[in-house]
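J.: As they're listed, the protein sequences go chains W and H.
Everything in the first sequence is counted per my numbering, starting at 1 for the first residue and increasing by one.
Everything in the second sequence is counted per my numbering, starting at 1 for the first residue and increasing by one.
What the hints contain is simulated information worked out from the structure, not anything from laboratory work.
The C-beta atom is built at its ideal place from N, Cα and C for all residues, glycine as well.
The reader is advised that the hints may include incorrect statements.
Some, not all, of what chain H presents toward chain W, calculated at C-beta under 7 Å [what the hints assert, rightly or not]:
| hint | residue |
| --- | --- |
| 1 | Phe-2 |
| 2 | Ser-13 |
| 3 | Ile-306 |
| 4 | Val-312 |
Some chain H residues judged to face chain W by a derived CB distance under 10 Å, without partners named [unchecked claim]:
| hint | residue |
| --- | --- |
| 5 | Ala-3 |
| 6 | Val-6 |
| 7 | Phe-12 |
| 8 | Arg-91 |
| 9 | Leu-172 |
| 10 | Ser-174 |
| 11 | Arg-308 |
| 12 | Phe-310 |
| 13 | Ser-314 |
| 14 | Phe-316 |
| 15 | Asp-394 |
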Amino acid sequence: MSSVLEARAIGMTFRNGDAFTEVLRNVDVTLEPGELVALLGASGSGKSTFLSIAGLLLRPTTGTITIAGQRVDQLSDAERAEFRNARLGFIFQFHHLLPDFTATENVAFPAAAPAGGITPAMRQRARELLARVGLSDRLDFRVTRLSGGQKQRVAIARALMNKPELIFADEPTGSLDRVAAQQVLDLMREVNREDKATFLICTHDEQVAARCTRRITLKDGQVEGASEEQPVAT
Amino acid sequence: MFALTVARRYLFSNPAQTALLISGVALGVTAFVFITALIEGLAIRLTDDVTANSSHISLEPETRVARVLPSPDAELASVAIVSTFQRRQIRAWEPAVALLRSQPSVSAISPQISGSAFLVKGEAVAPVAVTAIDPAFLDAIAPISTEITSGNSNLGADGILIGVGLAENLGLSSGQPVLFRTDRGIDRLLTVRGVFRTGLQALDEKVAYLSLQTARPLFALPEGLTNIEVKLEEPGRAREIAAFLHEATGLRATPWQEKNANLEGALTAQARTGTLIQVFSLISVLVGIASALSLSANRRRGEIGIMRAFGVSSAFIAAVFVLQGLMIGMVGAAIGCVSGFALCSWLATLTDADGIMILPVARFEGGYVAVFLLTTLGAVLASVIPARSAARLDPLEAIQQ
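Work out the full structure, taking the sequences as your base and the hints as a guide.
T.: Shown next as structure tokens:
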């Protein structure tokens with residue numbers, strides 16, 4: 001079985017006027033199907049930049065990206081958007097849900113926008129996903145009425161809507177209290193285990209990393225160390 | 001269409017702000033409608049005032065000019081002399097009248113003999129502009145029979161109608177005889193059948209009406225006419241119809257605008273002023289829409305960023321904002337048209353002591369279709385700027401903010 005993600009020799013240099021800042025240097029990362037990988041590093045280590053590049057939100061200065069056997073770094077913007085929609089999922093520190101829509105509509109959104117509307121099948125799947133993240137009693141609530149933890153769970157359900165092969169999470173518990181953070185981590189582990197969805201979780205929280213199956217650490221834009229399979233803390 | 005659903009939700013997410021925005025558009029459209037109706041009403045009133053007692057098109061024979069004849073001898077030039085003995089006339093006027101009668105745009109026709117003469121009463125002599133008409137169509141161009149202050153409008157074989165100013169100058173009243181002397185010295189005794197008062201000095205002091213039958217021997221025109229006066233259903237089309245009549249009859253056709261160049265200039269200036277006000281109304285409406293949607297796009301950067309991250313297309317994001325502009329434009333324009341019509345209808349009821357409208361608004365001429373289409377189209381165009389900026393938003397930048 002091919003790797004879900006193969007990032008080879010990724011380099012990223014930002015230009016600000018005459019100044020150049022090299023954020024990533026020769027980064028190689030490979031994720032296998034079903035992995036739950038923590039991408040660790042101090043602030044400014046380049047982990048969020050790598051996540052954005054691997055998630056096709058940013059073009060690298062150098063290197064190649066292959067997702068599920070397909071070279072994707074050379075795709076056009078429109079093709080990248082299409083690829084993200086169909087094959088990738090995203091969970092961010094701030095959920096950015098659509099406040100004028102219900103929880104069900106928010107979850108169905110990634111499928112509904114390209115299709116031109118929410119079909120009954122989409123609605124059904126969105127409801128199932130919400131039930132799975134423990135929000136079956138909040139299906140038709142406006143998301144503004146939900147707590148922070150509930151909103152992040154809606155965001156996780158939204159990331160799963162199009163059955164992505166690879167889910168990127170950038171500090172998914174960063175804005176939550178400890179209890180809510182624990183629930184969100186449990187949920188991601190459950191999805192990883194049951195759906196065999198591959199996760200790359202960008203975090204600087206050791207406790208989050210301890211719940212992952214593997215960890216990759218970035219330091220000064222380079223991979224400092226990559227662990228073998230690690231025992232998962234409960 | 002899902003973009004429409006999203007656009008609608010965005011608009012309803014802040015009803016007060018949306019209501020305010022739509023009110024602004026409606027207000028601008030109301031102003032547009034009012035100005036258009038007022039400008040149109042003023043033009044109609046001025047045109048009516050000017051043409052109420054005159055024709056919209058005059059048909060006359062082409063002007064006679066002396067012309068140089070071709071000669072084999074370059075030293076000598078021969079000139080065809082124009083005879084001034086015979087009056088200029090329209091000999092074959094029946095076909096022209098028949099053509100005019102067949103035109104639905106023509107509301108009245110008056111075949112006439114016009115000329116100059118003098119009225120002599122004792123020692124008093126007054127020049128008059130003679131209008132000889134078919135008595136059955138006395139009122140075709142100017143309402144004379146209703147303006148008779150003494151006597152009646154029955155011209156008969158030797159009757160004459162004169163204005164009140166002329167009657168006072170000559171000391172005449174209805175039933176009295178007066179000597180009529182043409183510009184070529186032919187005299188005839190006529191009887192003043194009636195005296196009219198139109199309120200227009202030019203008519204009341206200078207014009208006398210005869211029957212065609214009476215005028216023919218006096219002006220040596222046993223069959224022809226000097227002119228045919230025409231009234232139109234739509235005076236504004238006088239130029240176009242005059243051109244057609246000239247083409248069809250070969251006669252000189254003069255539209256009323258050419259005889260009233262100053263008025264036309266004033267109407268044009270008035271229309272230009274109105275257009276400027278209309279343009280500024282529309283611009284203010286469109287700037288309002290563009291700025292409100294730009295603010296909305298800015299406020300929703302995070303949401304737009306996450307949509308883009310999820311692979312929602314730029315076209316979808318742009319469509320959400322363009323559709324908001326479309327809905328705001330359509331609803332605002334519709335409300336503005338209704339309120340503009342209501343305002344004009346109310347203003348039309350305000351009259352002075354003589355029953356004349358204080359503001360001469362033409363409430364059905366508010367340019368409703370034009371302003372609806374312009375506002376809707378303009379609103380769509382105004383929303384393109386925020387739509388493009390939203391669609392081009394870098395998802396990463398938006399999410400990180």
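J.: For each hint, tell me whether it holds in the structure or not.
T.: Verification of the supplied hints:
no., hint, result
1, Phe-2, "holds (5 Å)"
2, Ser-13, "holds (4 Å)"
3, Ile-306, "holds (4 Å)"
4, Val-312, "holds (4 Å)"
5, Ala-3, "holds (8 Å)"
6, Val-6, "holds (8 Å)"
7, Phe-12, "holds (7 Å)"
8, Arg-91, "violated (75 Å)"
9, Leu-172, "violated (86 Å)"
10, Ser-174, "violated (83 Å)"
11, Arg-308, "holds (7 Å)"
12, Phe-310, "holds (4 Å)"
13, Ser-314, "holds (8 Å)"
14, Phe-316, "holds (5 Å)"
15, Asp-394, "holds (8 Å)"
The structure is inconsistent with the numbered hints 8, 9, 10, although it conforms to all the rest.
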